[in-house]
Amino acid sequence: MLFGACYYPEHWPRERWDADAKMMREANFNVVRMAEFAWIKMEPEEGRFDFAWLDDAVALFASRGIQTILGTPTAGPPKWLLDKYPDIYQRDFQGHALGFGTRRSYCANNPVYREYTRRIVAEMAGRYASRPEVIGWQIDNELGAIDTARCYCEHCRKAFIAWLQEKYASLGRLNEEWGTIFSSQLYTDWEQLHLPAYSVHQGHNPGMALDFRRFSSDSFVGYQKLQIDVLREHGVDRPITSNLMGSFNDLDYYDLAQDMDLVSLDIYPIMKKVPEERPFRTGLNHDSMRGLKGRNYWVLEHQSGTPCTHAFSQTPKPGELRRWTYQSVARGADAIVYFRWRTLPYGLEEFWHGILQHHGKPGRKYAEVRQVGAELARLADKLRGTTVKAKAAIVKCFHNEWAFELQPHAPGFVYKDHLADYYRYFFDRHIPVDIVSPDTDDFSGYDLVVLPNLMMARDSVIRRIHEYVRKGGTVVMDFRAGAKEWNNRMREELLPGPYAELLGIEIDDYGIIEEENPNGLAWNDAPPSGRARTWYEVIEPKGAETVVRFTDDYFAGGPAVTRHRYGAGSAYYIGTEPDAATLNALFGRIAGEIGLSPALPELPQGVEAVVRSGEAEDGRVREFVFLINHLNGPVSFRLSGRHVDLLSGEAVEGAASLEPNGVMVLEKLG
Amino acid sequence: MLFGACYYPEHWPRERWDADAKMMREANFNVVRMAEFAWIKMEPEEGRFDFAWLDDAVALFASRGIQTILGTPTAGPPKWLLDKYPDIYQRDFQGHALGFGTRRSYCANNPVYREYTRRIVAEMAGRYASRPEVIGWQIDNELGAIDTARCYCEHCRKAFIAWLQEKYASLGRLNEEWGTIFSSQLYTDWEQLHLPAYSVHQGHNPGMALDFRRFSSDSFVGYQKLQIDVLREHGVDRPITSNLMGSFNDLDYYDLAQDMDLVSLDIYPIMKKVPEERPFRTGLNHDSMRGLKGRNYWVLEHQSGTPCTHAFSQTPKPGELRRWTYQSVARGADAIVYFRWRTLPYGLEEFWHGILQHHGKPGRKYAEVRQVGAELARLADKLRGTTVKAKAAIVKCFHNEWAFELQPHAPGFVYKDHLADYYRYFFDRHIPVDIVSPDTDDFSGYDLVVLPNLMMARDSVIRRIHEYVRKGGTVVMDFRAGAKEWNNRMREELLPGPYAELLGIEIDDYGIIEEENPNGLAWNDAPPSGRARTWYEVIEPKGAETVVRFTDDYFAGGPAVTRHRYGAGSAYYIGTEPDAATLNALFGRIAGEIGLSPALPELPQGVEAVVRSGEAEDGRVREFVFLINHLNGPVSFRLSGRHVDLLSGEAVEGAASLEPNGVMVLEKLG
Amino acid sequence: MLFGACYYPEHWPRERWDADAKMMREANFNVVRMAEFAWIKMEPEEGRFDFAWLDDAVALFASRGIQTILGTPTAGPPKWLLDKYPDIYQRDFQGHALGFGTRRSYCANNPVYREYTRRIVAEMAGRYASRPEVIGWQIDNELGAIDTARCYCEHCRKAFIAWLQEKYASLGRLNEEWGTIFSSQLYTDWEQLHLPAYSVHQGHNPGMALDFRRFSSDSFVGYQKLQIDVLREHGVDRPITSNLMGSFNDLDYYDLAQDMDLVSLDIYPIMKKVPEERPFRTGLNHDSMRGLKGRNYWVLEHQSGTPCTHAFSQTPKPGELRRWTYQSVARGADAIVYFRWRTLPYGLEEFWHGILQHHGKPGRKYAEVRQVGAELARLADKLRGTTVKAKAAIVKCFHNEWAFELQPHAPGFVYKDHLADYYRYFFDRHIPVDIVSPDTDDFSGYDLVVLPNLMMARDSVIRRIHEYVRKGGTVVMDFRAGAKEWNNRMREELLPGPYAELLGIEIDDYGIIEEENPNGLAWNDAPPSGRARTWYEVIEPKGAETVVRFTDDYFAGGPAVTRHRYGAGSAYYIGTEPDAATLNALFGRIAGEIGLSPALPELPQGVEAVVRSGEAEDGRVREFVFLINHLNGPVSFRLSGRHVDLLSGEAVEGAASLEPNGVMVLEKLG
Ligand SMILES: [Zn+2]
Ligand SMILES: [Zn+2]
Ligand SMILES: [Zn+2]
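Here the protein sequences line up with chains D, R and W, keeping their order.
Using the working numbering, the first residue of the first sequence is number 553, and each one after it goes up by one.
Using the working numbering, the first residue of the second sequence is number 553, and each one after it goes up by one.
Using the working numbering, the first residue of the third sequence is number 553, and each one after it goes up by one.
No lab work stands behind these hints: they were computed from the structure.
Worth double-checking, as some hints may not be accurate.
Repeated chains share a single entry, so a pair holds when one copy, or any two copies, can fit it.
Below 27 angstroms or equal to it, Euclidean Cα-Cα: the simulated DSSO-like pairs (lysine-lysine) are [what the hints assert, rightly or not]: (1) Lys631 x Lys719; (2) Lys825 x Lys934; (3) Lys636 x Lys710; (4) Lys719 x Lys593; (5) Lys1094 x Lys913; (6) Lys777 x Lys719; (7) Lys631 x Lys710; (8) Lys943 x Lys845; (9) Lys869 x Lys1094; (10) Lys941 x Lys1220; (11) Lys845 x Lys777; (12) Lys968 x Lys845; (13) Lys943 x Lys1094; (14) Lys1220 x Lys934; (15) Lys934 x Lys845; (16) Lys593 x Lys631; (17) Lys845 x Lys824; (18) Lys913 x Lys869.
Same shape as in the complex, but just chain D (with noise of 0.2 angstroms):
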């Protein structure tokens, strides 16, 4: 388990290093992530690097224990380089140069810009790929983020030429799987292909709209790789990661992770708007995390004060930041380091408060990330090789997410909420769920699979799909599943077209069920008893049977839910979006016809009930329970069983309780 902080030797005096380390090596520190903003440092002017403060920084660390992570800092390159090629800058969809100022401004297409970051990550790789106490290497920082996952700049035009004749090999079936000869876009020259940028309202075909998503993802994937791969060159063998941010979407997760040693997460639970939220939004982002290659990750940056730029969000109350740790250990995190280790006071991160205030005194979060330090020292050797194991998954496919962005379908509908929606059944029953890619190789680990909106999938995926049901799976499908080709535009068959044989049904009527205007929601021949917003389908079982029926409009009496047996399986599909009770009372259906258990049973929602587990050196399975509560007030439950909580160290049998903010890591005895 590593347990540290974020630290930037070159915002601080040089004396001040060493009573740094001191106070962090009190909290059980054992990692800093250090250099991923200092490109300016390592070579203050063009070919000259220095990197003598950075030997030092680390050496003087590992002096105290503490190894270091490294970051390469091309998320903000210097000034002189952006002066002498203004062309690196990003352009925004009208043309205008994103000029100096945040970060990550730079394009990643610019063939000037791959240039000069070979250079800087390969001098610092044949810096520092041999010294043990660099134990990782993270790239760049946070990759896409602050709107900069997409440049509308010349370099990017030429580049998605270039992506377009890989992807379609010819212009005329470009024409044709995008559509163009609507309103007479069609292409006549490779040339004419331009990008989806400033125009009337903004208008754009909808494949190209996607297709230059999905560029704009490759790139920065591309630009990883060139990073990843120059460090490989330079002899680097410590895992290399690079930091995400939980529901982050402008670039394929799935894809980044791919050529990653492990995932890296940065997590602010508190900055969150709705308080109530943030357990269950914290906890998808978690195991989104854990899904991208199904194992453990890191989190690189973890809060430990209010963030902020301009107008701050929450300060953490006392035992709040303990408590956040704890639900990253428990979903999977192996590292915690914490952002950062004092506020800086200056920059336009000044308000970005960390571990330590401005003044640099030890203070209230000290001791409370101190005590965590103590504490997770002790679970370190027991967690070691545990992790999540879930039987059931939701999938999470980033390219429908982005099609449903582009065209949302119903006004202010959002994948992302609408796959919460279901995620929180799971969180809120403490029943374990992996949010796992449409390209997961083999669904049969799973009880039960989730596909909300799968509008679009590959032919690959749907086949798995049936198969996985044929064999006996479970799947919950919803509205538009089998809509729309790959490619963006819609299927020219009866929906839910290739789902037609799967889930039994069939659909030529739809439409949204506005606001104002809502509908009922009636288990087969019950009374109304929930509400249907957004989305109506006027469905036909085809061997279907009908499992929750629509109670209003014309379309009154007819099927809301279905449920069909499909070889050893079952499929269900919901047809609109119920509300939270009618979909509890679902998934309990479904939990119960296949067997879901949660890891504690009677727990009220709001307290947060995980179980780690794995096989510990002895061979023999061991269980962890995390349970925490997120609750303003105390919480008393009964425990089957006899634990002891390894915080404690006291055994822990039939009622137990937790105060607010309180935290147990359960082990059963005997």
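Place chains R and W with the ligands on chain D using the hints.
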């Protein structure tokens, strides 16, 4: 009666065409609109023209009894042309080119584009002028739509200067009319003239701002005229039209209609946000279109499904398409062309639903359209030569609307909505009303002329209004009447300026009524019964009698509505925006005075009754009463006299009723 | 006492001038402001000057006893000049030129424009310096107004670099002060410096952002100085001023005022949105203007009708103009110049109503102004030499206001409103208060100094505050005091940094109070009685006594307000935004302690009482109490002692009353 749909042969495999034509014929279609977005198919590369595919399509549909209206394709120029002359793109007010994407990005004043326009239109005309299957021509598509009516390029600046020179002859006169001496803005050379583009807060001289809107409208009027002339030069002798957009107001539709043989309308009733407002808002659109040339018109795009590019609007419920189709026919449409035949599976409008869904099989919308087709086929002969006849008119003036858009006077005031408030009285009471131009030669055919917000008027119009009242007419005028000269500067007279004698009042003091501080209205000496919004005036009667008074603030007791006898007629004046109840009472009183009567007296609001009448071939005047139930529930009413419902073929006498979406077309018996 | 209006001879036929002058004289006018937008009339083409018309106008008005204040016309450069040097236009943060239109589009750092400015000002000065009818000069018009205070052109970039070089001398120092090492933003060459323009999320270094605001302010201070110097060089010996805009804060008005002989103000009370706030908000504007130089000022634009360019604001009701005029006089205005004489019938301000309506005949506003003119003529001699004398001061600092605009700390926090909350206590209780600069040489004339949000302060200011309290003064400081260095980086000390000893407290922990989660306040050991908003601090008293405590959250029971004896004085500290009741109680306690007393003790809120006092020619101090009823209803009160109301001429003793809009100017008898 033309009945059909928009069809895009270029979107579908040739093998499919005949299946479509056959299905259409079975629904009694006799017309399709084609080719208005097919430039790239007709001229795939510069100077190489290919009409073979279109020849085939026209012939194939004709062979099924379906004739063609051809659209010129200039709304969608091909990419090869824009790449060769990027200058063609419109520029926004900050100078950004509106690049390739949606459509309509061309500048109507670009000389090169006008040249290419001439060429493609000439080629089409040469090919199809003499083809009998081609029964009409549409110019371009939705001229000015989606914010493309005003361009800020250098060509437009030069054209604007020429337009101003033509209008003002001398720079001195322009400076005088605009009042450029204000803020040191006097122009001393024609070349100094600029467009009202990006500036400090975009504040521009009101005279310049209004003239730029006039110029921009004239630019498209001229661009349409250019195409009409080319068609005529090449022998086209069928009706030439262009599809207009109801309440769209970036172009002066009176001017645009002048050059057409007949007006066409695109109508999407269900896109309007507030369902209750849909019947009267679309009614107003229909009556406005009929008023442009004072005769019947075509509907060239009639809603046939959910329209949407990104987020759906409501899907038509069963019976809705039929209901809206009958409203169109009732109010003067002699052609119903649905948009579109089949929902396109690609392109920006892949969600813009047609009669057929994406899958192309007949469904519930096709069945409904087919029913309408059969019904209209029976009605067609009877309706020939009939139209709506009105004794009341509302004057709609684009120049005043523009002036209020530029300076709304009261915060949030909308000219169009204010006019609609008046219109609604007539609509709800089934009293036919024309929407006419202020330049109408002669108002003497009307018993009542309502002139909302006639802030500016040409002298000839002012003269005609006086003449009309003097000879016995009744007018209703209201606030801001006479406040401005035609070139958007204030008159330097006591209000209501040129109407002082006509209205018998004087106004020195005025202001806004803020929402948080409403005023009351009272009928002469009665207690307060209504509310006044938006505007107040301190009216001093100079011969007028007071009809309604304000009840609050420092002008309490002063007139809000006055009436003045002038010659043989009456002139009402309303110095505020009364609530609906007061307005209805006022118009009720006026209707009583002059004897306006409804189509059917005792229908509830929400049911529409319209009369189409005319001289049949036997010289007898025939009347057809359309009754349309827009309500959610059934409605019962009584008819005096004996009628036959031409749709059901049944006699109707005394008590009658209509289901929701129900329609009757009654002819009086005996 | 000057009394008059803004007059634009260039807008009206010469034949009209004398009629206007005559009407003015009848209203006791003795001054007009002219020429500030007449550049094109004075220099119709480059180098050809024409002042004949202005000579005539000045002479004609003088012949009626009306003298002239001349404005330099640089706010509205002629089009010929901008066409010749389009470089003069300001550039916005994305680089777009702010083209011709409203006004004020010039860049104050443009060297060519500065040259042309010198020339036109020199010409005017040469012509009018020695004319006795010209009694004052106004520089430009509303410098910086309508978002023109900051320009992003290349001239400005170069000027900014020069400004930075002057300020920081070395680049190393700049890098250090701004902390550019953050995010690799270190500058290694002066030429790398840029403006805080368009960038990723426009995030810029806080030091740069604040310095750019300072530089921009200095640019206009310098531009004004340039004009003043030219006037002086050419012999102008009459007062030079410039019309400021109350709470406008893009320029540092203390700096701007420094170079003026006296301050002028443009005041439009009825434009403020919330009627109940108008009295104290305009009061604050007046007191702020009086505080700029610590003496009386002119009102060069006083509202005289509805102001509006596009949508009207409220029309002044009968009596309102008089009421606001007396507020101006009461708070220190020695000139009332209405804007404008007559409503202009053209140009962007054709709705900006003056004393006369468009038609130019005397109406109700003229009658009211005429009454005021007669009254003020009687008061003028008595008021000469009097002003408002205050024992309390509120420190307003533009640099802190800018810093809070750049980073509001708490979401939605507004420095100006926070200051206004404090001001309101004094306004509502009729306690005179000065609004003064932090750089005030000596606070010892005050019994109380309130220092809202003094986040940054120069060392000299910090020293003076300490000195002031040590010698017996009382200060009120509040949250964020001492948080930052003068160059917008955080101090690296425990809060409140340099005020720790003064305030006797320490603060390590702080955060925002969110609206959805308010906190309570309790007077020491009393039950909760108030609410805390916006901000909290965990205050540890180090010698201070606790006055008010928080009641909720983890810091419940901790101090919210403290008081500390320091030397002979007291230092209060407020660690939150208390509700009005708590604030009033707190200030009531302080006022009691130091013996601040109101002008009149028992007036209800909403009635204003202000004292102007001073030494009369006979050496006797005279006091005039202005009583103004801002309420909608009449108000009764009691006066102690015998007074005469100088407006009615009647004696007032004991019970007295004021109608709505009523005003008294009382002088004590005996
Ligand atoms: Zn790029
Ligand atoms: Zn143009
Ligand atoms: Zn500039």
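Hint check results:
1. Taking the shortest Cα distances, Lys631 and Lys719 sit within 27 angstroms of each other only across copies (21 angstroms), while inside one copy they are farther apart (36 angstroms).
2. Taking CA atoms no more than 27 angstroms apart as the test, Lys825 paired with Lys934 passes in neither setting, with 35 angstroms inside one copy and 61 angstroms between copies.
3. In this assembly of identical chains, Lys636 and Lys710 lie within 27 angstroms of each other by CA distance both inside one copy and across copies; the values are 22 angstroms within and 18 angstroms between.
4. Taking CA atoms no more than 27 angstroms apart as the test, Lys719 paired with Lys593 passes between copies only; the shortest distance there is 25 angstroms, against 41 angstroms inside one copy.
5. In this homomeric assembly, Lys1094 and Lys913 come within 27 angstroms of each other (Cα to Cα) only across copies, at 18 angstroms, whereas the closest approach inside a single copy is 70 angstroms.
6. In this assembly of identical chains, the alpha carbons of Lys777 and Lys719 lie at most 27 angstroms apart only when taken from the same copy (19 angstroms versus 45 angstroms across copies).
7. In this assembly of identical chains, the alpha carbons of Lys631 and Lys710 lie at most 27 angstroms apart whether taken from the same copy (26 angstroms) or from different copies (17 angstroms).
8. In this assembly of identical chains, the alpha carbons of Lys943 and Lys845 lie at most 27 angstroms apart only when taken from the same copy (17 angstroms versus 71 angstroms across copies).
9. Within a single copy, Lys869 and Lys1094 get their C-alpha atoms only as close as 56 angstroms, which misses the 27 angstroms cut-off; across copies the closest is 24 angstroms, which meets it.
10. In this assembly of identical chains, Lys941 and Lys1220 lie within 27 angstroms of each other by CA distance solely inside one copy; the values are 17 angstroms within and 79 angstroms between copies.
11. Taking the shortest alpha-carbon separations for Lys845 and Lys777, only the intra-copy value of 16 angstroms comes in at or below 27 angstroms, while the best inter-copy value is 64 angstroms.
12. Taking the shortest alpha-carbon separations for Lys968 and Lys845, only the intra-copy value of 20 angstroms comes in at or below 27 angstroms, while the best inter-copy value is 52 angstroms.
13. In this assembly of identical chains, the alpha carbons of Lys943 and Lys1094 never lie at most 27 angstroms apart, being 30 angstroms within a copy and 58 angstroms across copies at closest.
14. Taking identical chains as interchangeable, the C-alpha atoms of Lys1220 and Lys934 lie at most 27 angstroms apart only when both belong to the same chain, with a minimum of 13 angstroms there against 88 angstroms between chains.
15. Proximity of Lys934 to Lys845 under the C-alpha cut-off of 27 angstroms is restricted to the intra-copy arrangement: shortest distance 23 angstroms within a copy versus 73 angstroms between copies.
16. Taking identical chains as interchangeable, the C-alpha atoms of Lys593 and Lys631 lie at most 27 angstroms apart only when both belong to the same chain, with a minimum of 12 angstroms there against 48 angstroms between chains.
17. Proximity of Lys845 to Lys824 under the C-alpha cut-off of 27 angstroms is restricted to the intra-copy arrangement: shortest distance 25 angstroms within a copy versus 48 angstroms between copies.
18. For the identical chains of this complex, Lys913 and Lys869 are intra-copy neighbours only, at 18 angstroms inside a copy versus 61 angstroms across copies, given an alpha-carbon limit of 27 angstroms.
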